[in-house]
Amino acid sequence: MASKFTTYDLLAERPIAFKDIGPLLLAPPAWTRLEPQSLSGEPDAGIEMRVADPLWMLARQWQLGEFKGEDCGTPVSVRVQAHTQTLTALRPGGADLAQAPQPLLPGAVFEPAVETEPWAAPSLRDRAEAGVALVAALSPLGWGGEAQLLADCAFDLAADDLAGADAMWRLIARHHPDAEAAALGIEGGTALWLQNEPDTVVTAAKDWLAWYRANVSALRAADSWHADRLEYRFGLQAGTGADARSLEAPCHLGGAVDWHSFDLGGAPGLGLDADAASQEHDIRVHASRLRYAGMPADRLWQFEDGLVNFGLTDVQPNDLTRLAFLEYAAIYGTDWLIAPIDLPRGVLAEVTAVTYRTTFGEDVTVEVAQDNARAGTFRLYRTDGPDGPEPLFVIPPNGRAALEGAAREEVVFARDETANVVWAVERSYEGADGLARDRANESPPPADPARPQAGADTAWTLELRPPDHWVPMVPIPQGGSGGFILRKGSFDGIDRALGRVLAATPFDVQDEEVPREGVRLCRLPSVLRDESGQLRRWTARRVTTAWGESRSRLEYDATRGPA
1 MASKFTTYDL LAERPIAFKD IGPLLLAPPA WTRLEPQSLS GEPDAGIEMR
51 VADPLWMLAR QWQLGEFKGE DCGTPVSVRV QAHTQTLTAL RPGGADLAQA
101 PQPLLPGAVF EPAVETEPWA APSLRDRAEA GVALVAALSP LGWGGEAQLL
151 ADCAFDLAAD DLAGADAMWR LIARHHPDAE AAALGIEGGT ALWLQNEPDT
201 VVTAAKDWLA WYRANVSALR AADSWHADRL EYRFGLQAGT GADARSLEAP
251 CHLGGAVDWH SFDLGGAPGL GLDADAASQE HDIRVHASRL RYAGMPADRL
301 WQFEDGLVNF GLTDVQPNDL TRLAFLEYAA IYGTDWLIAP IDLPRGVLAE
351 VTAVTYRTTF GEDVTVEVAQ DNARAGTFRL YRTDGPDGPE PLFVIPPNGR
401 AALEGAAREE VVFARDETAN VVWAVERSYE GADGLARDRA NESPPPADPA
451 RPQAGADTAW TLELRPPDHW VPMVPIPQGG SGGFILRKGS FDGIDRALGR
501 VLAATPFDVQ DEEVPREGVR LCRLPSVLRD ESGQLRRWTA RRVTTAWGES
551 RSRLEYDATR GPA
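In our numbering, the protein residues as written are 1 to 563.
Just so you know, not all the hints are guaranteed correct.
Derived SDA-like pairs (lysine to any residue); straight-line CA-CA distance at most 20 Å [said to hold, decoys possible]:
#  : residue 1 : residue 2
1  : Lys68     : Asp298
2  : Lys206    : Leu150
3  : Lys488    : Glu231
4  : Lys68     : Leu58
5  : Lys68     : Met57
6  : Lys206    : Asp223
7  : Lys206    : Gly142
8  : Lys206    : Gln534
9  : Lys206    : Leu184
10 : Lys206    : Gln148
Just so you know, these hints were derived from the structure itself, not from any lab.
Construct the entire structure; sequences and hints are all you get.
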């Protein structure tokens with residue numbers, strides 16, 4: 001007798017026999033839907049913890065273990081043992097082996113080391129300000145070569161950067177030395193304004209040179225910026241010799257570098273020998289309870305603070321994130337202790353053992369909270385590596401409270417669905433005086449040849465181009481991968497970009513790096529103080545989300561009526 005229900009294969013247009021679907025029913029599912037079951041529409045009633053008659057209260061206390069005594073002590077101190085390796089080398093570019101690693105000296109600050117751009121001629125503003133700083137550093141020491149310095153290191157008033165500068169900067173250039181020329185003179189030993197000067201003056205000039213090369217005009221050929229991905233990439237080495245380990249930061253968007261920016265590299269190190277010793281740490285601290293604002297009372301039958309009302313929690317049964325947080329706060333919040341330990345900056349740390357001592361004098365070892373049988377390899381508090389996550393913690397030598405100024409250059413990568421093209425809109429660039437110049441104000445809008453002449457009803461034109469600071473990004477196929485790269489192009493073969501972001505030729509960006517809402521890339525002046533209190537200056541790049549699609553003036557085969 002035929003079955004009441006028949007299953008059909010819609011593609012093959014034939015019934016499916018049970019023997020065909022039997023193995024599918026026995027196979028384990030690829031994923032499981034997590035869906036909590038609730039007797040009511042909202043979990044507020046359970047969170048409110050309403051009370052009833054006295055018998056109910058006694059039964060509830062028995063259920064929750066209020067009548068059960070535990071012969072155990074309370075933790076009073078925590079002992080943490082850790083092993084650290086000093087970060088000894090930095091390789092700009094990450095896994096790019098073409099760039100040699102650089103030693104990380106003690107007291108180095110991470111942000112300038114990673115984000116400093118390759119050398120380029122400093123702006124007129126930077127050269128003038130550094131020249132003033134040189135004169136200010138030498139004048140109190142009895143130096144008498146200021147006239148010789150102005151003669152040997154004068155600005156070239158006919159240069160292009162001075163031709164476009166404001167009158168104020170041209171006036172400053174006439175009365176102050178060019179810092180770049182002064183630095184080259186000190187480095188080449190041809191500074192006549194330092195001859196026959198006392199050692200104090202020569203030492204001060206060399207100190208100024210070290211500051212100038214570190215903050216204003218760094219002679220650096222390496223670069224951590226990957227333009228095709230609009231991100232920084234760099235690598236680190238911890239330790240030295242046979243114990244060295246490598247770390248990679250494959251996708252850093254700028255700003256403070258933290259432990260989650262790194263993955264373990266496949267190589268044992270970067271191949272740079274350095275003097276660095278591993279160190280063992282044995283720290284004992286008082287056990288402190290984890291507390292936070294709005295935390296529930298430790299016991300169920302303890303009166304809550306009058307400002308806390310869990311019954312007003314706005315949560316639905318399908319809101320898993322809030323439900324998990326409430327469960328942690330109400331049930332597991334009292335199970336945590338805080339054991340703050342001090343470790344040096346610029347190390348790769350591994351906690352090897354944690355023990356605590358109770359009020360009875362017992363030492364209890366805390367086991368690692370890791371479920372090896374759990375599927376997947378992701379661990380929140382472990383560093384990813386080629387052989388799986390490892391219990392390592394990177395403490396980079398970051399600076400404190402870095403300040404960022406207004407953007408000196410701004411480029412927006414935006415999609416134009418009407419023209420079916422991606423535009424690199426150079427909204428501003430850094431001028432000769434170090435200030436941002438607005439391209440929209442400097443570039444006059446192109447003439448509209450499609451307006452009809454007097455007496456004509458309509459006019460036709462083959463092409464209407466956007467402004468000059470709208471640079472087209474032409475899609476180029478990438479072999480057999482099926483993807484595209486966006487390459488800087490032009491309408492007439494002339495590169496219209498004036499800033500540093502789009503200066504390279506060719507300039508490529510991966511197509512997937514430009515989403516529908518667009519990408520905004522800025523060059524920002526940054527400054528912070530290092531451990532010695534010295535100011536460190538550099539120009540950083542920041543990538544943020546833009547404001548959506550753009551529409552250019554690009555049109556083909558356009559007609560216009562009378563205005």
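Hint check results:
With a CA separation close to 16 Å, the supplied pair Lys68 and Asp298 stays within the 20 Å bound. Distance hint between Lys206 and Leu150 is fulfilled; the C-alpha atoms sit about 18 Å from each other, no more than 20 Å. For the hint pairing Lys488 with Glu231, the CA-to-CA distance comes to about 18 Å; that is within 20 Å, so the pair holds. A C-alpha spacing of about 13 Å is found between Lys68 and Leu58, which places the hinted pair at or below 20 Å, so the restraint holds.
Between the alpha carbons of Lys68 and Met57 the distance comes to roughly 15 Å, so the proposed pair stays at or under 20 Å and holds. Of the pairs offered as hints, the one joining Lys206 and Asp223 is violated, with about 26 Å between alpha carbons and a cut-off of 20 Å exceeded. At roughly 16 Å between alpha-carbon atoms, Lys206 and Gly142 fall within 20 Å of each other, so this suggested pair holds. At most 20 Å may separate the alpha-carbon atoms for a hinted pair to count; Lys206 and Gln534 meet this at roughly 16 Å.
The suggested pairing of Lys206 with Leu184 holds, with an alpha-carbon distance near 12 Å, which does not exceed 20 Å. Using a Cα cut-off of 20 Å, the hinted pair Lys206 and Gln148 holds, with the two alpha carbons roughly 18 Å apart.
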